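With the sequences and hints as input, model every part of the structure.
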Amino acid sequence: MEWEIVIGLETHTQLSTESKIFSDSSTRFGAQPNTQANEVDMALPGSLPVLNRGAVERAIQLGLAVGAHIAPRSIFARKNYFYPDLPKNYQISQFEIPVVQGGTISFFVGDEEKTVNLTRAHLEEDAGKSLHENFTGPHGESSTGIDLNRAGTPLLEIVSEPEMRSAAEAVAYARALHGLVVWLGICDGNMQEGSFRCDANVSVRPKGQAEFGTRCEIKNLNSFRFLERAIQYEVRRQIELIEDGGKVVQETRLYDADRDETRSMRTKEDADDYRYFPDPDLPPLVIAPEWIEQVRAGMPELPAAKRARFESELGLTGYDAAQLTMDRSYAAYFEEAALALPQGQAKLAANWVLGELSAALNRDEKTIDESPVKPAALAALIGRIIDGTISNKIARDVFAAMWAGENGGAPDAIIEARGLKQISDTGAIAAMVDEVLAANPAIVAEYHAGKQKAFNSLVGQVMKAAKGKANPQQVNDLLKEKLGTPENG
Amino acid sequence: MPIHSEFDTIAALRGALRDHKVSALEVAESALQAIEANASLNAFLQVDPQLTLDQARAADALLSSGQAPALAGIPIAHKDVFVTRGWRTTAASKMLDGYVSPFDATVVARLQQAGAVSLGKLNCDEFAMGSGNENSAFGPARNPWNPDTVPGGSSGGSAAAVAAGLVQAATGTDTGGSVRQPAALCGVSGIKPTYGTVSRFGMVAFGSSLDQAGPIARNALDLVELLDPMSGFDERDSTSLQSCDGAANQAGRIRNEFDAAAAQHKAAGARPLEGLRIGVPEEFFNEGLADNVAQAVENALKTCESLGARRVGISLPRTRLSIPAYYVIAPAEASSNLSRYDGVRYGHRAQTYTDLADMTSRSRAEGFGPEVRRRILVGTYVLCHGYYDAYYLQAQRVRRMIANDFQQAFAGQCDVIMGPVTPTVAKRIGDNREDPTADWLADIYTLGVSLAGLPAMSIPCGFSADASPLPIGLQIIGNYFREGQLLAIADSFQQATDWHQRKPEQK
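Going line by line, the protein sequences match chains A and B.
In case it helps, the numbering used here puts the first sequence at residues 76 to 564.
In case it helps, the numbering used here puts the second sequence at residues 1066 to 1572.
Please keep in mind that the hints were generated in silico from the structure rather than gathered at the bench.
Incorrect hints may have been included.
[Said to hold, decoys possible] Only pairs whose alpha carbons sit at most 35 Å apart, straight line, appear in this in silico DSBU-like list of lysine-lysine:
| id | chain 1 | residue 1 | chain 2 | residue 2 |
| --- | --- | --- | --- | --- |
| 1 | A | 189 | A | 422 |
| 2 | B | 1159 | A | 204 |
| 3 | A | 544 | A | 468 |
| 4 | B | 1159 | A | 154 |
| 5 | A | 449 | A | 468 |
[Claimed, not checked] The following residues of chain B were derived to be distant from chain A, with all beta-carbon distances above 12 Å:
| id | residue |
| --- | --- |
| 6 | 1073 |
| 7 | 1074 |
| 8 | 1085 |
| 9 | 1333 |
| 10 | 1388 |
| 11 | 1463 |
| 12 | 1469 |
| 13 | 1489 |
| 14 | 1531 |
Small disclaimer: the values here were computed from a predicted structure and weren't measured.
Just so you know, even glycine gets a beta-carbon here, dropped at the ideal spot from N, CA and C.
Listed below in structure tokens is the structure:
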């Protein structure tokens, strides 16, 4: 049987506010346990939540960026369940009326563009952390420690419709969403620290069947690789289970990266009844149109708009434009380099940013902001290709030297110091061509016999004689001129 | 007799303090002695002479400097659901036995800023759940008029302490009548202001959408002295209001309205309440109302008429529904509010347990008393999937209708509403032990006001004919933000009557 995979993602993005969503303690990561928890975060008697407007503004930004409806009035509810690292033993979240409703995310899977609908995005608070392992109490007994530094950290849970049809699509969606929230600056995107984590709802159904299969939710996937592998494993598990005559049980599962498998955490039967009800400590969140406009005015150009502009104004392909607008720093880098070049040369800048620069960044595990080659320097290098000072091939060597910081990373200085300047003196090239033709009569004969390969070989010989610095176009032209037309060409 | 009890009003005591006829330290010392002498009332859960005397000395310093704020040196005390940095805060629960808050409630801080000297923390029903102060983990407080009877609740210790003259005034909280009802049963005056006018920050939460702090004192004038500085917007409470009908929610609002209304009453001479339309809801005089209470309230209404007011019969048709609506909403909120008491971070933790979940279960089972457990169970039940619509949502609908009924009455029929606070005078301690929900039904006259978020007060209006007479209270209900008006009416009533000046026998 042919199976169709159905995936929906719930993504918890930690919002980049300085302070928590309902208290003024810091959200900084990595502090000593419980040093960033005040009376609200510890749920001391008499403490009350006060909503952080910065968290709301970040939610509005996401809503605007995905073309969603921003609810003029949304409600905070209490999700009641007991857990030691949930200090109030209820989580303040949005249930029936979330702040962001609808919207879409578009992304490329390979060369194919796909758009996924969002269901909603709602504001909520994070829990603290239980430290079960290697934790001993004051008398050396084995204990569970509680760190409430994370408790109350603002989260925006972004829920997609179940519209992804493969692990690759799910990962592409997650990457696009990740790129967007980082682009907007509403989330630092740090997956290792848990700032961006996904729950994947996965089900399978026979191809052509309209209704969904029973789904399982895989919790807390904090890397794109884990997301992909967990879905792949889960899909295999479900298909095998059904093909063996079994039934998928609706449940929550955990992905074990060490064993590369998902394991049952709890089934729907023993799921908590969360007893949601509107939080009487928080009035409805009212967002006036003026507030939305104020937020909009402070937002950067959105990736979709930038992408469209890169295509229409700079003549990039849709694919290149999409790649360059995955990340705001990338886009800014590219744009700065492209604008320093003569009109019509943006494509060259795109090639360099997506090619040589990306490869070097990946190799050295650097972000684009950390690139030793700055956009102006890259543009200067590309400018030397355009004006014929160096060839594309030599430019790669110059780029490597710039990356290494040679001659202060200045392309002209490197070209000068290394003597890489292209030979464009017709007389000098003609002399080398003459020499090569004289030394290789056999190849010349082959050329005249109609072998194109012989021509390339002669070009190679001339370039070798010129130590790669001869202007390739001139070499070509002179060779053709001196060889005359091949006999059966 | 403590020094302060020689003065009828806070204003009089203030005069003596400012004229250095008495010092704040002397006042505080004599109040501490009175509290000790009346320990059998069990009105106080904690007294800390050192903390009190330090505050008194600070008040004396202010008084000597001539810069003393309005309440400098005035002896008060706080219901033990207001968190305090110095004194322990237990909410009268074993769950919080020994708990000390790292911060002060806004109400506590504001009264301290106004110079008031705190004598300590007052007994109440556990987590403010109850109407007799019998649900305290530290034993019942007793009614100074007859120690065998309850002082009412949940702010029983507050009412008892004021009635016994141990303090000049006290703070209380009112979720379904917990200021008005004990004030009535102890023969003192109490007011619950409009929901949102006094900050809930630092109040141990019971029913968040209903909880509101209010003072208890001997008379309306003293209530103004406390309620005015207690009130005001607080950015730490998101349900706290920034403005009240156009007026900024800040200290001075209530006093200004009171002064204006009182001036008007004074100008009207012998008929200070001339033109006032008093709505009397027929549903407040049903078969459950004791004759002696009905008679006392009737006499009070007659007094008001003699002062110029006009009586208007009105109907609050959903009065009976306020009981089920309240006993769904308040427990629902309480079940969630009290979830934080799990033995993990503070408070009672069971000695033995098998795992984390067991630790929480046992700690809660041991730490909470039976009434609190009962309400948590009710609240958990009504919020459960499948029951939520039938109970919680339905109760919220009823709540809106009740609020509308009041608005209809205020829209054209009357300016204030008057009636009884309680169906009977104080019951004997232990009377309702067999039927814990009997107390719930006795809240019928106070719950509607709480559900609607309206201001209301209770002032003494008579006594039972018992061998040791028990006080009876008159409830005065106003429209939103009309605290000043209510207090001025109460003051005019008290100028014409002496019920509020009667005192139980002193030890």
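Comparing the hints with the structure gives:
1. 189(A) with 422(A): Satisfied, since the Cα-Cα distance of roughly 24 Å is no more than 35 Å.
2. 1159(B) with 204(A): holds, 28 Å
3. 544(A) with 468(A): holds, 10 Å
4. 1159(B) with 154(A): holds, 27 Å
5. 449(A) with 468(A): holds, 20 Å
6. 1073: holds, 34 Å
7. 1074: holds, 31 Å
8. 1085: holds, 37 Å
9. 1333: The claim stands: residue 1333(B) keeps its Cβ more than 12 Å from every Cβ of chain A (closest is about 40 Å).
10. 1388: Per Cβ check, residue 1388(B) is outside 12 Å of chain A; nearest 20 Å; holds.
11. 1463: Holds, since 16 Å exceeds 12 Å.
12. 1469: Its Cβ never comes within 12 Å of chain A, the nearest being 20 Å, so this holds.
13. 1489: holds, 31 Å
14. 1531: holds, 39 Å
Every hint, counting from the list given before, is met by this structure.
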